[in-house]
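K.L.:
Listed below, chain by chain, are the residues.
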Amino acid sequence: MWFQQVMFFVAGIGALGGAVGVVALRNPFYSVLALVAHLVCLAVLFLLLQAEFLAAAQVVVYAGAVMVLYVFVVAYVGGSDEPLRPEGGALRVLGPLFAFVLVAELCIALLGSSLSLIDSQGGDVPARFGTPAEIGSLLLQKFLVSFEAASYLLLVAAVGAVVLARRRRGLEEDETSGLSTEAGGQPKGAPAAAKSAGGAGTVRPSGMSATSSRLRPEAPGGNH
Amino acid sequence: MDVSWFLVLSAFIFGIGAAGVLSRRNPLVVLLCLELMLNGANLALVAFARMHGDGGGQIFALIVMVIAACEVAVGLGIIVAIFRRRLPVDVDELSNLRG
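Those protein sequences? They're chains A and B, same order as listed. Heads up: the first sequence begins at 1 in my numbering, then just goes up one per residue. Heads up: the second sequence begins at 1001 in my numbering, then just goes up one per residue.
Isolated chain A (complex conformation):
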């Protein structure tokens, strides 16, 4: 009994700390790591609630697979530190306030409910409660429709992710041309100046080193 209480408080404080870390840490990479810690603590809480299969699935699927996806995207997008909101933003003050009101309301709704078993450890459960056999038989008998719907949803999401993140040939070319004119400062003057500078660099036989003549055409863009 006391072991369960100790485990609950350790895992609960870990889960709360992980959640605060996700919200409060500035670097998205550290936020992902905090979420991993939060998920592991949540798996311990699931174990305390006799949901063994769910705890294993939480660690393997969530903390294992989904978080790796997050880590890759953070590494790709570049997890830059987030600057503070410049104009102070009303949402930055109202967001935590709204969350506090939400928590208070949820606690009132949960604890004020007249559920008879809410202040106990829960009713009697069969011996196979939460085991993979129980979950499997429930999924394939009682909840077959939701199981199939979830599988179709996963398929649609996988195809959608590939379609969204794929490299579009025509679009990328448009963007690179638009980017080069933007980076050049004056769209018409800069390429001409760069071309003439490059021409001078190649015509000049000596006096300037090869590296400096190669650097020369980029000078207008660099000034910009």
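No lab work stands behind these hints, which were simulated from the structure alone. Quick reminder that beta carbons are idealized off the backbone N, C-alpha and C, glycines included. Treat the hints with care, since some could be wrong.
Stated by the list, open to error - Computed far set for chain B versus chain A, every beta-carbon distance over 10 Å:
(1) L1094
(2) S1095
(3) N1096
(4) L1097
(5) R1098
Unchecked claim - Some, not all, of what chain A presents toward chain B, calculated at C-beta under 10 Å:
(6) L16
(7) Y70
(8) V74
(9) V93
(10) L94
(11) V103
(12) L110
(13) R128
(14) V156
(15) R166
With chain A held as given, fit chain B onto it using these hints.
P.N.:
Positioned in the frame of chain A, the structure of chain B alone reads:
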């Protein structure tokens, strides 16, 4: 442990996630905070399943995990597409749909 402790903890996790969704600007972190909210709901579902001794709540939590995985796949795909188009990865700047 009483079931009410788990329910209060799930309410706190949900609230912290909601605060993060409202106050963070990086869409990656917004997705992470959405995960927090889903996990808070999951914990409440599992606690109620234990309270009633019914496995249906655990199936519900499992389906919520599937939904979260789908949301992550599509959301990260959108973020990668935003990054590829050289748009700012910031939910405040991405306001093209504002009327």
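K.L.:
Give a verdict on every hint.
P.N.:
Verification of the hints:
no., hint, result
1, L1094, "14 Å, holds"
2, S1095, "13 Å, holds"
3, N1096, "16 Å, holds"
4, L1097, "17 Å, holds"
5, R1098, "15 Å, holds"
6, L16, "6 Å, holds"
7, Y70, "7 Å, holds"
8, V74, "6 Å, holds"
9, V93, "9 Å, holds"
10, L94, "7 Å, holds"
11, V103, "4 Å, holds"
12, L110, "5 Å, holds"
13, R128, "9 Å, holds"
14, V156, "8 Å, holds"
15, R166, "9 Å, holds"
The earlier numbered hints are all upheld by this structure, with none contradicted.
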